[in-house]
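Peer 1: Read left to right, the sequence shown gives residues 1 to 941 (my numbering).
In short, the hints are calculated from the structure, not lab data.
Treat the hints with care, as some may be off.
Said to hold, decoys possible - Simulated DEER-style distance windows between Cβ atoms:
| no. | residue 1 | residue 2 | range |
| --- | --- | --- | --- |
| 1 | S231 | D128 | 54 to 64 Å |
| 2 | T170 | L261 | 17 to 27 Å |
| 3 | P716 | T817 | 47 to 57 Å |
| 4 | W789 | P913 | 22 to 32 Å |
Fair warning: this is a prediction, and the values are worked out from it, not measured in the lab.
Positions of the beta carbon are idealized from the N, C-alpha and C atoms, including for glycine.
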Amino acid sequence: MFTVPRLNSPRRTGDRTKPARATLAAAGALVLLAASALPAQAALPTQAQTQAAVTSNTPGPPSDADKGAHSLRTPVTDENFYFVMADRFSNGDTGNDQGGLGPDPMVSGFDPTRKGFYNGGDLNGLLDKIDYIQGLGTTAIWLTPSFKNKAVQTEDNSAGYHGYWVTDFTQIDPHLGTNAELKALIDEAHARGMKVYFDIITNHTADVIGYKEGARTGYVSKDKEPYRTASGAAFDDRDFAGRADFPKLDAGTSFPYTPVLDAAEQNLKVPAWLNDPTLYHNRGDTTFAGENSFYGDFFGLDDLFTEHPTVVAGMTDIYEAWIRDFGVDGFRIDTMKHVNDEFWQQFGPDVLAYAREHGKDEFFMFGEVFDTSKSNTSQFTTRNRMQAVLDFPFQDAARNFASKSEDAKQLETFFVADDWYTDADSNVYQLPTFLGNHDMGRIGSFIGTDNPGADDAERVARDELAHELMYFSRGNPVVYYGDEQGFTGNGGDQDARQTLFASKVSDYLNDDLLGTDATHATDNFNTGRPLYAKIRELAQLTKEHPALRDGAHQHRYASDGPGIYAFSRTDAKDQREYVVALNNTEEPQTAAVPTYIPKRNYSLLYGDAAQNSKTSADGRLTVTVPPLSAVVYQSSGRIPREKTAPAVALQPPVSAAATATSAGDNGRLQVTADVGGNSFYEVTFEARTPGGTWERVGTDDTAPYRVFHDVSGLNPGTEVEYRAVVLNNAGRTSVSASRSAVVPDPVLTIQQPAEGSTVQANVEVVATADPEKASHVVRFERSIADGPWTAIGTEDDSSPAYTVADDLAARNLADGTKIRYRARLEGSTVVSNVRTVVVGAAPQPDSVTVAGSLNSEMGCPDDWQPACAAAFMAFDPADRLWKLTADLPAGQYEFKAAINGSWDENYGQDGAPNGSNIVLNHDGGPVTFRYGHTTHVITAG
1 MFTVPRLNSP
11 RRTGDRTKPA
21 RATLAAAGAL
31 VLLAASALPA
41 QAALPTQAQT
51 QAAVTSNTPG
61 PPSDADKGAH
71 SLRTPVTDEN
81 FYFVMADRFS
91 NGDTGNDQGG
101 LGPDPMVSGF
111 DPTRKGFYNG
121 GDLNGLLDKI
131 DYIQGLGTTA
141 IWLTPSFKNK
151 AVQTEDNSAG
161 YHGYWVTDFT
171 QIDPHLGTNA
181 ELKALIDEAH
191 ARGMKVYFDI
201 ITNHTADVIG
211 YKEGARTGYV
221 SKDKEPYRTA
231 SGAAFDDRDF
241 AGRADFPKLD
251 AGTSFPYTPV
261 LDAAEQNLKV
271 PAWLNDPTLY
281 HNRGDTTFAG
291 ENSFYGDFFG
301 LDDLFTEHPT
311 VVAGMTDIYE
321 AWIRDFGVDG
331 FRIDTMKHVN
341 DEFWQQFGPD
351 VLAYAREHGK
361 DEFFMFGEVF
371 DTSKSNTSQF
381 TTRNRMQAVL
391 DFPFQDAARN
401 FASKSEDAKQ
411 LETFFVADDW
421 YTDADSNVYQ
431 LPTFLGNHDM
441 GRIGSFIGTD
451 NPGADDAERV
461 ARDELAHELM
471 YFSRGNPVVY
481 YGDEQGFTGN
491 GGDQDARQTL
501 FASKVSDYLN
511 DDLLGTDATH
521 ATDNFNTGRP
531 LYAKIRELAQ
541 LTKEHPALRD
551 GAHQHRYASD
561 GPGIYAFSRT
571 DAKDQREYVV
581 ALNNTEEPQT
591 AAVPTYIPKR
601 NYSLLYGDAA
611 QNSKTSADGR
621 LTVTVPPLSA
631 VVYQSSGRIP
641 REKTAPAVAL
651 QPPVSAAATA
661 TSAGDNGRLQ
671 VTADVGGNSF
681 YEVTFEARTP
691 GGTWERVGTD
701 DTAPYRVFHD
711 VSGLNPGTEV
721 EYRAVVLNNA
731 GRTSVSASRS
741 AVVPDPVLTI
751 QQPAEGSTVQ
761 ANVEVVATAD
771 PEKASHVVRF
781 ERSIADGPWT
791 AIGTEDDSSP
801 AYTVADDLAA
811 RNLADGTKIR
821 YRARLEGSTV
831 VSNVRTVVVG
841 AAPQPDSVTV
851 AGSLNSEMGC
861 PDDWQPACAA
871 AFMAFDPADR
881 LWKLTADLPA
891 GQYEFKAAIN
901 GSWDENYGQD
911 GAPNGSNIVL
921 NHDGGPVTFR
931 YGHTTHVITA
941 G
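Using the sequences and the hints given, assemble the complete structure.
Peer 2: Okay, here's the thing in structure tokens:
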């Protein structure tokens, strides 16, 4: 492995005892910056991106990699997943409907007339209908969490049918069946050549712990109330994450809130270690932003102290037992982005090694990272050493193309950015792709929302187009149960969890299913429905032509605006090219699509188009694609073998830091290779530090050829040397000259107060670092009226956010006085951006609206209504915050703050003007929104 040294730099400390932290980044990680066109052209480096770049005219010394390498294909790159909620699939045993808890729905949680309660489905129902599941072409069944849940949480007026309120991690929920019935299901699936995946939870349990200070209280930050050892000494947990010397804690003194347990629930959780209240964060409810997204309770759910080694070991033991005793084939991991990196860096490799020791060579884990930025989602497969994440960016891109008919070049930009995921042991081909789910809603629902005037035929066509894109492009396609029957729904969460067996839920009975006149009043296991037939056809075609599942995915063509998006799939061994073209307009479209092979016949495999087409002298294949559909062509022979390997040259490596127009990761270096040819190539990137040996970083099989190397564990200023080896389709190689770059300094960014805002009294100044390290120490400075910079407060070493409170009231500054803030990283020359504000009472708007997809639930005539009085917030002069408490049904919502009843001024995620929508996953019940016009940040909790 490419060796990344541990850091043990001496440094100053603040008020807390904070030993130097040894930080180890995952070696060999790669990152890819998005580009919009081919051929690849690297972004010009800026002063912030590169501190130095050195070119060597001589290739590095020989290594095994001089022979070239094929792009990685792990055992799980060709799976067809069926994602199913057992309670909503089929009721195979009515005797377990009440879970042995009696007929009262508020005790048993069973009420088939309510969408927030158990409806009766179970594991026996899945076993009874396994022919139906397999008939879709399914190769893996993915179950929502099936462990024993707290049947009812009265605070939420809902039941644990979904599986996310676990009390016993060793037992199947009695509403769903028994451990023996699970084993029977797994054994039958295995006998049929199918796998079974578990949806697992590592960061929370059911809501059992209360606080002496009150239930479901607001979040208290680590800066305001640090954790304390049992003896009362303050410390930062990130300094000890996963370590055996983690300080001993005391329930009465270590936390900002005092955890308490009801006498009847003191031993409720299994295994027993889960009943120790010091193994939870105990900081109050999260608002899903900043520090509290890692430490806060999800609507009261007990948030585990995943930094604590007991929690890491305990969760590892729990899930290894399910592998050992039941033969589970893999895990989907819930809420991965809300857990500290160190947890995944231990949990993932340990569980994977255990599975392989027990004969599970194809064991596979993928996490939920609800984010559409590849620079962020890819960190979990590179830096955090997990195998894969659910491809939320794909879901967003697929909806935009197939449902919204947006610009085809958006798909080009999307797929070109896939190299963010490439490293030595994983890449984008492993990612499960999907179109909708149990939280956000169904693809059928999105199509109805995006096309309100469309008839059934158009909605079915768009649904089929989305599935064609998912099955023909890279990744492992996931079908959400019921989508094959045309299920829709009015939104996410409970509205997207209909039963396949006859429903008694009135809201479901009103759904308009796609491709049928049937309703939810009857069973919906009809294998003749158009979407079931289409998914089965796609699964069969990709099985017969495996290059369509895990062949190299090369961008080929994108229309300007809506129209055709085309790509090719090529297996490195077979070398036969498949061309896929999709049309997202309602008219036929024609395009000349580049290929690898000139003057060659291509035959139609799929779609309604000419049976044969021949490429031109320059290798272009002319295709005509019908409206809202796809075509697939196959070359009549393999790509011609090249007699010599092409030349390859590296561009100067640059930092992958965020820019004004795109997200990024300053902990990675973008390395790009230019290849002098136009055939099928695989480019392997290697790296070494001074005195080290060449080690593989990763292999890319599609142009532009790039990787993003994770250097976050190296000291800033460390030189890293790179080279590239290109392998052509005849097995010949050439090696580039090497290029060097140095690891950039961290980037400090002032996050609040907002630029240009008006401040008074006690001002909270917050900064973040990229890359973040627990060893960072940050101090803040202030300049008054363009005067000298002076230190404020004490230095802060409590990651992941650094904070200081500046008491302006004590300075008696006149209104209108200009104040500037900046942050410095101790032990370095790193200085943040400057944030400028003005002293004075912030002028408040006439109104602030919580505008979003929740407005109709608030009593507005429709969603996204900035002028709806029912969604107006009220100003509280005591803390100068706007507030609104609303009682909302369970669901997934999006919202932002609209000012003065219009969209002219609005604020989204992190207070950004016209920023992205904020996502709220809500279990039902009251939720309080808060907005500050100084920061422009709106939160829900």
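Peer 1: Taking the earlier hints as the rules, which of them does this structure contradict?
Peer 2: 3
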